[in-house]
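Colleague: Given next are the chains, with one letter for each unit.
Protein chains: 2
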Amino acid sequence: MQEAREDPPLDEGLGPEELAEAWPLLDPSARLEGFRMLERHVAEDFFFTLSSRDQAELLIDLPPLERRSWLRQLAPDDVVDLLQEAPEEERDPLLSLLDAPTTREVQALLAYAEDKAGGLMSTRYARVRPDMTVDEAITYLRRQAREDIETIYYTYVLDAGQKILGVVSFRELFAARGTQPVREIMRTDVVTVPEDMDQESVSRLFARHDLAAMPVVDLGGRMKGIVTVDDIVDVVEEEATEDIQKIGGTEALDAPYLEIGMFEMIRKRAVWLAALFLGEMLTSTAMKAYEAEIAQAVVLALFLPLIISSGGNSGSQATTLVIRAMALGEVRLRDWWRVVRREILAGLGLGLILAAIGLLRILVWGRFFGTYGEHYVLIATAVSASLIGVVLWGTLAGSMLPFVLRWLGFDPASASAPFVATLVDVSGIMIYFTVASRILHGTLL
Amino acid sequence: MQEAREDPPLDEGLGPEELAEAWPLLDPSARLEGFRMLERHVAEDFFFTLSSRDQAELLIDLPPLERRSWLRQLAPDDVVDLLQEAPEEERDPLLSLLDAPTTREVQALLAYAEDKAGGLMSTRYARVRPDMTVDEAITYLRRQAREDIETIYYTYVLDAGQKILGVVSFRELFAARGTQPVREIMRTDVVTVPEDMDQESVSRLFARHDLAAMPVVDLGGRMKGIVTVDDIVDVVEEEATEDIQKIGGTEALDAPYLEIGMFEMIRKRAVWLAALFLGEMLTSTAMKAYEAEIAQAVVLALFLPLIISSGGNSGSQATTLVIRAMALGEVRLRDWWRVVRREILAGLGLGLILAAIGLLRILVWGRFFGTYGEHYVLIATAVSASLIGVVLWGTLAGSMLPFVLRWLGFDPASASAPFVATLVDVSGIMIYFTVASRILHGTLL
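As given, the protein sequences belong to chains W and P, one line each in that order.
Note that the first sequence ends on residue 459 in our numbering; no numbers are left out.
Note that the second sequence ends on residue 459 in our numbering; no numbers are left out.
I should point out that these hints are in silico values taken from the structure, not numbers from a laboratory.
Here a beta-carbon is modelled for each residue, glycine too, at the ideal position from N, C-alpha and C.
Hints may be right or wrong, so weigh each one.
[What the hints assert, rightly or not] Just some of the chain P residues that point at chain W, by a computed CB distance under 10 Å:
{"no.": "1", "residue": "59"}
{"no.": "2", "residue": "145"}
{"no.": "3", "residue": "187"}
{"no.": "4", "residue": "298"}
{"no.": "5", "residue": "428"}
I would like the entire structure built from these sequences, with the hints used as guidance.
Modeller: Printed below as a string of structure tokens:
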């Protein structure tokens with residue numbers, strides 16, 4: 015048991031747990047050294063738990079003669095992941111280390127994009143013929159299990175043309191009478207995944223059907239491989255990371271935070287930040303239009319950051335909720351009108367709450383400290399009325415932007431909080447000064 | 015095959031796929047009606063794919079006499095999930111529908127918090143004794159498979175006191191010689207999960223060890239159940255949703271967007287929005303301190319939204335990247351100094367880029383359109399210098415806030431983009447006016 019394991023003496027190097035712990039902090043040569051200190055069978059287990067990225071880096075740091083025995087440990091789909099993480103020029107040399115049938119399998123898998131069902135699948139699955147008896151099938155599978163099949167949880171029943179006739183779970187096979195033919199116990203309502211389905215849809219399908227594995231088929235309905243639920247955990251995590259990073263207003267990093275190069279990190283952040291900055295420049299253009307009003311009533315400028323940030327914050331909330339609901343499949347394009355109705359109500363409610371707080375604050379300070387001059391009641395009214403307008407508008411704009419982006423074919427997660435805030439800032443300025451001009455006309459303005 | 019399934023005639027109701035599709039849009043009575051139109055075995059499959067929340071709602075809408083046969087279909091851990099989604103007053107009546115041993119199992123599971131390993135686990139796992147032969151074990155498991163065990167992917171080897179001696183994967187058992195004792199082929203380095211481990215840590219453990227299931231043990235090392243990877247998919251998705259909603263500046267909704275009540279939704283959003291609004295009020299206090307400067311040089315106010323939003327945007331980026339890296343276990347508390355060093359560099363780089371763009375813009379407009387009066391070069395200098403300061407500060411503050419929150423024992427994801435933007439707005443105003451006063455002293459001010 016792991017808990018009972020004793021720490022190895024230090025001169026023998028780190029144990030696998032310590033090495034895994036220290037891994038992100040080690041430079042390549044220290045990683046290599048730590049790895050080579052492990053006993054062979056421990057090192058093998060350790061190697062399997064590394065990410066494909068780390069596996070690729072480690073392998074390339076090894077002397078060429080040692081690489082083969084490590085690469086050949088991996089299943090074809092894991093080799094593919096590793097190759098996709100390796101530098102372009104290393105791929106062919108690595109591929110040449112495999113045996114001929116595996117090379118063919120890997121090349122076939124490499125043809126699929128990494129984020130499609132075909133790129134996720136394993137080609138090593140358990141299969142039987144429909145006319146086998148349960149006992150024959152179990153014996154046959156026992157032989158297949160000696161080879162490296164990905165999962166024996168489901169066994170697929172295929173015809174001679176590789177078409178799927180049915181599926182039988184291992185538990186069902188096990189529980190059945192030994193003399194029954196497989197055909198009689200298999201289920202025929204098999205949920206299949208087209209090979210070019212993108213990984214986010216595949217993970218939705220898993221969530222919906224609650225299966226441990228699903229077969230991947232080509233256009234002709236021929237079985238090509240299986241996707242297993244443990245690959246889906248990685249997909250879900252990866253997609254969530256991408257969405258979170260986009261919502262935060264950067265490009266997706268596509269690499270662990272501490273490992274990505276500084277130049278690359280600045281580039282990914284600068285692109286969005288500069289775009290937002292250019293958009294935000296419109297605020298100074300908008301402000302320019304109200305320069306005379308500000309000069310006449312400087313007190314108006316005091317509430318400007320408060321008002322535009324309230325619009326930005328309510329927009330961030332709305333856009334984030336809608337983006338996530340879309341990613342989870344809870345909200346679809348055609349639900350836009352239901353979302354509009356909900357967000358108008360929510361925006362009004364939230365606007366009224368903020369307006370009430372703002373009104374109270376300005377009235378109290380104006381009345382007791384004389385902070386805002388003699389017209390503080392009018393100022394309080396102008397600020398509150400603007401808040402309702404700005405929050406309502408921010409909420410609506412924030413909730414609709416993901417729909418517009420998806421409708422245009424972009425990723426709705428690009429409707430990041432900063433993007434919405436920028437959009438709402440310019441209109442916030444316009445709403446504020448328009449409302450203030452009306453209310454303060456003849457007094458302050 | 016699903017693709018080949020024909021649509022049922024309309025007067026027979028919706029098929030299971032159409033019903034699943036329409037589900038979120040239907041009201042309770044339409045759901046019930048659609049459900050009862052399904053053939054019994056189709057309805058069973060359909061029932062299993064529903065979320066625990068939907069299962070609970072559907073069950074409560076059924077006449078009391080029909081409830082039992084549905085509830086008894088579920089495994090104990092699924093019953094627990096269903097009960098946790100049911101209203102308080104319905105739980106005991108539902109529990110009384112189960113048979114006595116299942117009631118005991120469910121009550122034991124209910125004692126665990128929903129988000130702990132014990133709350134995720136299933137108590138129905140495959141177990142054998144160490145001195146059985148492989149053939150005996152397979153026969154024995156074949157009998158167990160007829161009962162409802164959660165997964166047969168791993169078989170646990172237990173001693174008489176329920177302590178785990180080892181684990182053998184089904185594939186290994188299958189591939190082994192029939193006469194070997196299980197003891198000889200089992201692995202003894204079993205990774206175990208303590209029953210009170212929180213679900214986020216459990217999902218990290220799954221990611222690290224790449225296993226399909228893990229045994230849950232109590233303090234005495236006795237096996238209590240297993241957690242399977244398909245439960246982890248839901249955990250990962252749930253945790254990501256919570257983080258994303260917090261990053262967007264709301265409390266986690268804990269319910270699908272379209273299903274949560276309007277009052278509840280406004281409440282969850284209003285709490286944060288009002289808190290941010292109160293914080294943002296400090297901006298008008300800060301502005302008040304510079305009222306004289308604004309009155310003297312209104313042109314300064316024009317760039318205020320641009321500058322504070324740049325600070326907010328760079329802060330959002332930094333905080334989001336750090337929150338996600340923490341959630342993925344890539345960055346730990348003790349890495350704070352490495353993050354500081356990276357973010358100082360990134361902040362300086364990003365600040366310089368925005369400053370250059372801002373400088374260029376003001377110089378060009380000032381030179382060719384005379385937009386900003388005679389002192390446009392000084393204004394351009396003041397804006398650019400402030401941008402470097404504000405972006406650097408926003409980046410640093412945004413990246414450190416998640417560390418401070420985690421260190422204080424809060425969820426780092428509460429360092430939402432709007433929270434950071436609010437924090438940075440006030441300091442942005444101070445940085446801008448301080449820098450501008452220095453640079454413009456004797457000319458505009």
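Colleague: Work down the list of hints and note, for each, if the structure agrees.
Modeller: Results for each hint:
no.	hint	result
1	59	holds, 8 Å
2	145	violated, 19 Å
3	187	holds, 9 Å
4	298	holds, 5 Å
5	428	violated, 14 Å
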